[in-house]
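Chemist: One letter stands for each residue in the lines below.
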Amino acid sequence: MDFHLLFQLSMNGLIVGTLYGVVGMCFVLIYKASQIVNFAQGEFLLIGAWVCWWLLTKYQLPFVWGFLATLVFMMVFGFLLQVIVLRPMIGEPVISVIMMTIGLSIFFQALMKWIFGVLPQPYPPVFSVKSVDIFGLQVQTVYLMAMAVSLVIMIGFAWFFKMSRMGLAMRATSFDQQVAQSLGISVRQVFALSWAISAMVSAVAGVVVGVVNGVSSALSFFGIKVFPAVILGGLDSIVGSVLGGLIIGVLENWAQFADSQYLKWGNLYEIAPFYVLIVILMIKPYGLFGKRDIERV
Amino acid sequence: MSIEPASMPAAAIPVEPAPLLAVNNLEVVYSDVILVLRGLNLKVPEGEIVALLGANGAGKSTTLKAISGLLKAEDGQITRGDVLFQGERMNGYEPDQIVRRGIFQVMEGRRIVADMSVHENLRLGAHTRRDKGVKDDLDMVYGYFPRLRERTGLAGYLSGGEQQMLAIGRALMTNPRLLILDEATEGLAPLVRAEIWRVLQRLKDGGQAILLIDKNVAALTRLAERHYIIEKGRIAWSGSSAELKADAALQKRYLGV
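Residue numbers (our numbering), protein chains in the order written: chain A, 1 to 297; chain B, 1 to 257.
Incorrect hints may appear among the rest.
[Claimed, not checked] When the alpha-carbon atoms are kept at most 20 Å apart in a straight line, the in silico DMTMM-like pairs for lysine to aspartate or glutamate are as follows:
| no. | chain 1 | residue 1 | chain 2 | residue 2 |
| --- | --- | --- | --- | --- |
| 1 | B | K245 | B | E231 |
| 2 | B | K204 | B | E225 |
| 3 | A | K32 | B | D115 |
| 4 | A | K32 | A | D176 |
| 5 | A | K32 | B | E120 |
| 6 | B | K215 | B | E243 |
| 7 | A | K113 | A | E92 |
| 8 | B | K43 | B | D32 |
| 9 | B | K72 | B | E27 |
| 10 | A | K264 | A | E92 |
| 11 | B | K72 | B | E120 |
| 12 | A | K162 | A | D236 |
| 13 | B | K43 | B | E231 |
| 14 | B | K204 | B | E46 |
| 15 | A | K162 | B | E27 |
| 16 | A | K162 | B | E46 |
| 17 | B | K72 | A | E92 |
| 18 | B | K72 | A | D176 |
In case anyone wonders, no lab produced these hints; they're calculated from the structure.
Assemble the whole structure, with the sequences as input and the hints as a guide.
Modeler: Below is the structure:
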């Protein structure tokens, strides 16, 4: 057995897993605030990656500035998307809103192809050292950056929901909108904020994947890959989504290992997470951390 | 020696000060067809406790929700009349705008956030505030309900009585001008009820205006200045505690006491 390959793949899995975790958190954030399953989550990555690519190639901005400008853009984008497109849907059945996110997903896919073309585009080289050696394992520098940024985001989320005024307001809104309103919380503000944060943080993952693989519409498939992660962790659990992301990331790389070494089926990597998804829905539909309501009368 | 202001006639009729809350001729309809309030009037003067009484389905909770702007979530709306708070017309305001103006309602069934700690629930109460007094008010709430300070787990695991204390404490954290309680002591153990009545009395002594619903007429007549009995969406009777206590026929007819 090729242990070196197994470790290398496990390491890749953990790194990609943190990205799944980050996107999963964004997905859960919107779901918790508004019970909307956002099928356009992958397009947030795609748009973020394209915008950053455009700033870097067209305006030759240094990566850091291009990256920060992208985050600001995506925050405004998420906010406006909620205010203009989704706010009028408040009060409509949730299923209608979910259908709308599917429509948005198709729309943004097409829009990106229209603006940026259908060919994959590579990012300009971002780091002078492409990969570093950690205990004999090769790790791409951008992945290390992604790990660091992801950790910062996760700690930021934890702080935000535990300590900040708006974080508490978001938790209260996800618990019960009427209660939140009765406490003076503007539910509209909470919805808009959840979309803004979600779009912005997803763009981080989009840029990282773009730097590694180049930007193309395939990137939005990441948004679908996040489903197994959040279902595994529990659709309403932020911590669960991170853990689910890590597990799915490692699992798909192990599937890759088994496939390439023994099975030789090809592409098990792509579909393994979805087998996991089916199994979880069968045996633990609330996920590892999903909550059934605490009720006390 | 005092000098009378020249403009004031000696035998002036005393002008009643504008009430903190005035509900005028209020009509509320649910789902466009179900008429629940049919021209209801009531007043809550500054610093007083006012009780709403009446049978189930008379429209008590609807009245409170109309005041707090919480009808929309239940497909209800004000179709006629006014809710005036400190002279400002509140109809059509979003609930959060109403809270910011100083009306806070403890809804029926406590409705504390079960997956937050006691402390987080209380901080949540201070959501609309930016002043420096939040920490002092936390201590004040723990002073009213000392046992809340010891509960460190999730609020969902508190007993019903503790949850009601938390709900009232959270309401006080908003620093309300008018505190509204829907079913203040329903379903609670006698000792817990007594504790809540004591706290309400202390709040009253501190000048807090309160509008509340409760089924315990005896306790209400001790606490409240004024009572309104609602029947079929209208005020059927209103009067002071002494008047309510004295009228056994009234109590029997409307309250089944």
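Chemist: Each hint: holds or not?
Modeler: These are the hints, each one checked on the structure:
no.	hint	result
1	B/K245 - B/E231	holds (19 Å)
2	B/K204 - B/E225	holds (10 Å)
3	A/K32 - B/D115	holds (13 Å)
4	A/K32 - A/D176	holds (10 Å)
5	A/K32 - B/E120	holds (18 Å)
6	B/K215 - B/E243	holds (18 Å)
7	A/K113 - A/E92	violated (31 Å)
8	B/K43 - B/D32	violated (27 Å)
9	B/K72 - B/E27	holds (14 Å)
10	A/K264 - A/E92	violated (49 Å)
11	B/K72 - B/E120	violated (27 Å)
12	A/K162 - A/D236	holds (16 Å)
13	B/K43 - B/E231	holds (17 Å)
14	B/K204 - B/E46	holds (11 Å)
15	A/K162 - B/E27	violated (42 Å)
16	A/K162 - B/E46	violated (37 Å)
17	B/K72 - A/E92	holds (13 Å)
18	B/K72 - A/D176	holds (15 Å)
In summary, the structure is inconsistent with hints 7, 8, 10, 11, 15 and 16 from the numbered list given earlier, while agreeing with the others.
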